[in-house]
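Asks: Protein sequence lines correspond, in order, to chains A and B.
Numbering-wise (numbering that gives the first Met the number 0), the first sequence opens with residue 0 and increments by one.
Numbering-wise (numbering that gives the first Met the number 0), the second sequence opens with residue 0 and increments by one.
The set of hints was computed from the structure by calculation and includes no laboratory data.
These numbers were taken from a predicted model, which means no experiment stands behind them.
All C-beta atoms, glycine included, are put in the ideal place defined by N, C-alpha and C.
Among the hints, erroneous ones may be present.
Here are some of the chain B residues that sit facing chain A, going by a computed Cβ distance under 7 Å [to be verified]: (1) A13; (2) L34; (3) L53; (4) Y55; (5) V86; (6) G101; (7) V109; (8) F168.
With a cut-off of at most 20 Å between alpha-carbon atoms, the simulated DMTMM-like pairs for lysine to aspartate or glutamate come out as follows [as the list claims (entries may be wrong)]: (9) B:K49 / B:E60; (10) A:K1 / B:E60; (11) B:K49 / A:D126; (12) A:K1 / B:D56.
Here is what each chain is made of, one letter per residue.
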Amino acid sequence: MKNTAFLLLGIVFGVTLYKAEIISWYRIQEMFRFDAFHMYGVLGSAVATAMLWVTILSHRTRREGVTIARRPFQHGVWIGGLLFGFGWALTGACPGPLWVHIGAGTAVMVVAIASALAGVITYAYLDPRIPH
Amino acid sequence: MNEVPNTPWPWYVAGPIVGSMVPLAVLIGNRRWGLSSSFRHLCAMASPMKPPFLRYDWKRESWSLFFVAGAMIGGFVAAHWIPNAAVPDVSPHTVQAIQALGFDSPRGLVPAEAFSFSQLWTTRGFAMVVIGGFLVGFGTRYANGCTSGHAVTGLAMREWPSLVATLSFFVGGLLMTHVIFAWIF
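Isolated chain A, as found in the complex:
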């Protein structure tokens, strides 16, 4: 039941990312070249919307003892963040868009996802040996 709800939510997300061209490599280039407001508008209004909802819900979650797990700081946040930023500009896609691309017919993104999985496995082995 819950999984069906998440599946439906994913469909709405996928349609939106496609229709607003958020999965477009060109839109990501526009963003990194400061040539269009579009992606900044998307991210800014997404954060504002989520923040409004989180504030409204926080009363309810406090009452029910439900919390969203917080994420602590570690140096990986910025080192990994830079590396992900490189990948974001290269592929023109973050993890969500990579999945949407597969559905939308950018078949070669299967290779990008396979590489991303290889990246996760590499990370899993390096995890105990790199600074955090």
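Assemble the complex: chain A is given as a structure, and chain B must be docked to it using the hints.
Replies: Showing chain B alone in chain A's frame:
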């Protein structure tokens, strides 16, 4: 017949929909919304010799896999029944800049001169698809999140590590676009 203009959905429609994923994930299943962990769960599910980082009960996080399955279906549905314009309306300045790097004028969602199987073993295709994908997977695990988990959910929860992460994503993207692209292309 009037042609219906085929423009992308505006940011003020797409942004609020994307932002609503955060509270909806909490309401549906008390989940922290983020998508890069889907890669980790797939690795935890599939890899036979598990390093500790992949030793956990991924089934408890199956929501993530249902969500990305939905995202694929959504991409398919939209591309087949309500497709975008074949030629995207990209800022002339960006078009000029990417043409200077040797890309053709924009067509579709990605430049086919890099994102196709026939280009995979060229320097450009390999860098953008294979190296790029690897860095997305490795970087998001090291940073413990991506654009959704840090830049949307984390910022909405006013978590400062997520602000650091978001700024790093942008610094990385800017460096790649303005400095490294000129070296590798």
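Asks: Taking 7 Å as the limit, does the beta-carbon of V109 (chain B) come near enough to a beta-carbon in chain A?
Replies: holds, 4 Å
Asks: Against chain A, with CB atoms and a cut of 7 Å, does the hint on L53 (chain B) hold up?
Replies: Status holds, d = 5 Å.
Asks: Given the hinted pair K49 (chain B) and E60 (chain B), is their alpha-carbon gap at most 20 Å?
Replies: Holds: K49 (chain B) and E60 (chain B) sit about 17 Å apart, inside 20 Å.
Asks: Restraint: A13 (chain B) near chain A, CB-CB cut 7 Å. Satisfied or not?
Replies: holds, 3 Å
Asks: When you check the alpha-carbon spacing of K49 (chain B) and D126 (chain A), does it fall within 20 Å?
Replies: holds, 13 Å
Asks: Would you check whether Y55 (chain B) satisfies its interface hint, that is, whether its CB is within less than 7 Å of any CB in chain A?
Replies: violated, 11 Å
Asks: Can L34 (chain B) be said to touch chain A, with a Cβ gap under 7 Å?
Replies: At 4 Å from the nearest chain A Cβ, L34 (chain B) passes the 7 Å test, so the hint holds.
Asks: Is the interface hint satisfied for G101 (chain B)? The criterion is a beta-carbon contact with chain A at less than 7 Å.
Replies: violated, 14 Å
Asks: Tell me if the straight-line CA distance from K1 (chain A) to E60 (chain B) falls inside 20 Å.
Replies: holds, 12 Å
Asks: Taking the least C-beta to C-beta distance, is F168 (chain B) closer than 7 Å to chain A?
Replies: Since the shortest Cβ distance to chain A is 4 Å, the answer is holds.
Asks: Go through the hint on V86 (chain B) and say holds or violated, using the shortest Cβ distance to chain A against 7 Å.
Replies: Violated: closest Cβ of chain A sits about 10 Å from V86 (chain B), beyond 7 Å.
Asks: Can you confirm whether the C-alpha distance between K1 (chain A) and D56 (chain B) stays at or below 20 Å?
Replies: holds, 18 Å
Hints 4, 5 and 6, counting from the list given before, are not met by this structure.
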